[in-house]
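Can you build the whole structure from these sequences, using the hints too?
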Amino acid sequence: MTDKKPIIKADNFCFYYGTKIGVENISMEIYPKSVTAIIGPSGCGKSTFLRSINRINDLIGNTTNKGALLVKSHNVYDKNTNLANLRQQVGMVFQKANPFPKSIFDNVAYGPRLQGIKKRSDLQRIVEEKLKAAALWNEVKDDLTKSALALSGGQQQRLCIARALATNPDILLMDEPCSALDPIATGKIEDLIDKLQTDYTIVIVTHNMQQAARVSKRAAFFCLGNLIEYDTTSTIFSNPSKKQTEDYITGRFG
Amino acid sequence: MRFIIRHITDKIFTMLTVLSVIVLVAILAVILTPILWKGFSAVVFTGTIEFRKMQLDLFNRGDIDKLNEENARSQLCRKKVYDTINRFKQNIDAETLCDKTAQICRTFGKELQRKDMPGTEYQQLRSLSREIRDKLQIAFNSSDKKIVDENLKDVLKYKADIRFKDTSAAQLFAIAENFAADIKNIDLAKRQEYADALKEFENITVKLLGYNPSTPVPALKMDRYGATRLDLAQKNLNKLLWLEKWEQTSPGKPMVKISTPRAQLFAGTEIEPLFDYIRDNFDEMFIPKRTFYWQYLIDDSTPGHYFGGVGPEILGTLLLTLVSMVFVFPIGIISAAYLAECSSDNFIIKIIRMAINTLAGVPSIVFGLFGLAFFVLYLIPLFGGASKPCILTAALTLAVLTLPVMIRASEEAIRSVPQSYKEASLGLGAGKLRTFICVVLPAALPGILTGIILSISRVAGETAPILFTGAIAFGPTPKNAFDPTCTLSYSSYDIAVGDRLAALVPHNQYGMVATLITLIFCLNIAAIIMRAKISRKLKGH
Numbered sequence: 001m002t003d004k005k006p007i008i009k010a011d012n013f014c015f016y017y018g019t020k021i022g023v024e025n026i027s028m029e030i031y032p033k034s035v036t037a038i039i040g041p042s043g044c045g046k047s048t049f050l051r052s053i054n055r056i057n058d059l060i061g062n063t064t065n066k067g068a069l070l071v072k073s074h075n076v077y078d079k080n081t082n083l084a085n086l087r088q089q090v091g092m093v094f095q096k097a098n099p100f101p102k103s104i105f106d107n108v109a110y111g112p113r114l115q116g117i118k119k120r121s122d123l124q125r126i127v128e129e130k131l132k133a134a135a136l137w138n139e140v141k142d143d144l145t146k147s148a149l150a151l152s153g154g155q156q157q158r159l160c161i162a163r164a165l166a167t168n169p170d171i172l173l174m175d176e177p178c179s180a181l182d183p184i185a186t187g188k189i190e191d192l193i194d195k196l197q198t199d200y201t202i203v204i205v206t207h208n209m210q211q212a213a214r215v216s217k218r219a220a221f222f223c224l225g226n227l228i229e230y231d232t233t234s235t236i237f238s239n240p241s242k243k244q245t246e247d248y249i250t251g252r253f254g
Numbered sequence: 001m002r003f004i005i006r007h008i009t010d011k012i013f014t015m016l017t018v019l020s021v022i023v024l025v026a027i028l029a030v031i032l033t034p035i036l037w038k039g040f041s042a043v044v045f046t047g048t049i050e051f052r053k054m055q056l057d058l059f060n061r062g063d064i065d066k067l068n069e070e071n072a073r074s075q076l077c078r079k080k081v082y083d084t085i086n087r088f089k090q091n092i093d094a095e096t097l098c099d100k101t102a103q104i105c106r107t108f109g110k111e112l113q114r115k116d117m118p119g120t121e122y123q124q125l126r127s128l129s130r131e132i133r134d135k136l137q138i139a140f141n142s143s144d145k146k147i148v149d150e151n152l153k154d155v156l157k158y159k160a161d162i163r164f165k166d167t168s169a170a171q172l173f174a175i176a177e178n179f180a181a182d183i184k185n186i187d188l189a190k191r192q193e194y195a196d197a198l199k200e201f202e203n204i205t206v207k208l209l210g211y212n213p214s215t216p217v218p219a220l221k222m223d224r225y226g227a228t229r230l231d232l233a234q235k236n237l238n239k240l241l242w243l244e245k246w247e248q249t250s251p252g253k254p255m256v257k258i259s260t261p262r263a264q265l266f267a268g269t270e271i272e273p274l275f276d277y278i279r280d281n282f283d284e285m286f287i288p289k290r291t292f293y294w295q296y297l298i299d300d301s302t303p304g305h306y307f308g309g310v311g312p313e314i315l316g317t318l319l320l321t322l323v324s325m326v327f328v329f330p331i332g333i334i335s336a337a338y339l340a341e342c343s344s345d346n347f348i349i350k351i352i353r354m355a356i357n358t359l360a361g362v363p364s365i366v367f368g369l370f371g372l373a374f375f376v377l378y379l380i381p382l383f384g385g386a387s388k389p390c391i392l393t394a395a396l397t398l399a400v401l402t403l404p405v406m407i408r409a410s411e412e413a414i415r416s417v418p419q420s421y422k423e424a425s426l427g428l429g430a431g432k433l434r435t436f437i438c439v440v441l442p443a444a445l446p447g448i449l450t451g452i453i454l455s456i457s458r459v460a461g462e463t464a465p466i467l468f469t470g471a472i473a474f475g476p477t478p479k480n481a482f483d484p485t486c487t488l489s490y491s492s493y494d495i496a497v498g499d500r501l502a503a504l505v506p507h508n509q510y511g512m513v514a515t516l517i518t519l520i521f522c523l524n525i526a527a528i529i530m531r532a533k534i535s536r537k538l539k540g541h
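Line by line, the protein sequences are chains A and B.
Just so we're aligned, residue 1 is where the first sequence starts under my numbering, counting upward by one.
Just so we're aligned, residue 1 is where the second sequence starts under my numbering, counting upward by one.
What the hints contain is simulated information worked out from the structure, not anything from laboratory work.
Keep in mind that a hint or two might mislead.
[Unchecked claim] Just so you have them, the derived chain B footprint on chain A, three or more residues with Cβ under 8 Å:
| no. | region |
| --- | --- |
| 1 | 55-67 |
| 2 | 77-87 |
| 3 | 96-105 |
| 4 | 110-116 |
| 5 | 153-164 |
These numbers were taken from a predicted model, which means no experiment stands behind them.
Idealized CB from N, CA, C, for every residue including glycine.
As structure tokens, then:
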């Protein structure tokens, strides 16, 4: 695994909301076609780091950053970064399923349409392919024109994954994708993540320790804006080198 | 114990809520029901033959043969009224009689000139005819029975004179004889009184029965027909039968209305029986019929809103509302988007927000004057148009008036779109504009439609802003946006301030107001249904 070239590389990356520290001095490398989990207590900066990767943090005004955050060797905070390109390469799935109030078809076709694909047959092919990739096709293939909001929570989240996949990203960022779902829906999403990692680089933020253990190859432990430990998941969970990590994992912390 | 108290307070609070809702509905019903009911009577009422005549003349509507038959019946009945009036008028009106006499005398003079006769005889006859004329005029103008009789006797002395035979002068004797016969029943001293009373009597008869067939057709359409509706006819009949006077019974007390029969004024004359005649033959004169006048909603109105319907007004109101919405919709949304999405809360934004809030509280007449000064007198000439009030300027003024409402409602709607929608769209690589148009705007549409509903209600009912900028009381249906137009609101205002017009056409006033209320109600319902449909679609049901 380590012999591969990292697809995301943070080098002393710092991010501040005004004067408040988001994350500080993060240095880590994330490898392609694998699942990397980021764990840590609330407010430790996991989401901030994740949301920095595709610069969705820009929505909040008055932020500053330092250091470098490279995606495919390009600094995302470079002045001439093409945001649209970046975000199409780095897809994102949010904590709460947020399908647009449109039909299922239109939801998945939103990204391809942005890329300028207009032909109905092309869109149909992409929608089918991505819905199959998100393991949702069999459930919705008969009513693609139905509103996405009529789906169940788990289906909605898988639809969001399909929507994110539709722009053909290399990286998929997942910000606690299962926190609002019941165990069965969570199980389906986890199976999906497992399947997707053969084609995509997945970075997942989770509060659920078992989930991190189940799905990820590597895990990073954040605390108070700092990266405490970053190693393979089995090492982190069975033989952590830092006391803080062990406390957190065994439940003596927070 | 505390639980019971809480339970009771809870119940009381619920009851108060229900009560306030009931009171609100009751107030609304108390205000609206009479207006709508009376407005309904502009469409369904008991119409008289005058109404059917008017419909045939002005709108070419109705069964001609049947109407002719009815008209013959009613004219037969009315003939007695007109004849009596004409005859009575002739004899009490000294001025007309004098004029007529003088006219005959002049004609006689001309006749004499044409005849071949010696100069002395000519002079003699001439002066004799003048003497007769003078004596007749004295008799006509005098109120002393003795003088009248004396003069008439003097005149009639010459009746047998062979020289006057077969000349126009013979008419003079006929008039004198008629006069002598008629004044036997009349108290000459009251002749002026009769003349005044008769004038009023005639005026009311014209309003009741229509113009006297022996006079020329009136120029104004409103004078050509009598009472078109049974309720108006009855009102006028009461006016005819009863003389109303306001009298102060004692100093410091309010005036009291005293009704006396008008017939008393004409006691002993041939007019007196007419009152009973008109009352007894009321149905025969008017032939009232239940009428369903749905064309009220499409007919043109005659000047003064006297007859006809509110067709142009409805069209004008709809047009004005539509055109102003064309301006309000994009400008309102763009402003709201700027306030909600693009701006941070800095000083300028605070000023803008304050300006919008202040604008919402400016009296509408101020907007009207602004519209006149800016749109009509400045902006239209600036683009080379003729500076006159028109639909465009009125719609622009209304748009300015209602923009604050629209902006505030839209801003709220845009702000309430979940941040997650925006994140999702931006996360897929969409730009800000794309996100706004494709995701935020559709999601905010129900809220924006609420703003539209409020705007429509405001725009359709406003009068003051369009007073100087594009409304007219009467006119043809507008052909393009550069024509002025009638509107329901302005027309009902026009009736209200018109000279006693509201008392003459109350049904039309109510009809307009009821139509306006119904129109706004329908527009609102349409918008609400649209909003519900969009909401349902957004929620995915």
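Practice item. Check each numbered hint against the structure and report the violated ones by number, ascending. Key: none
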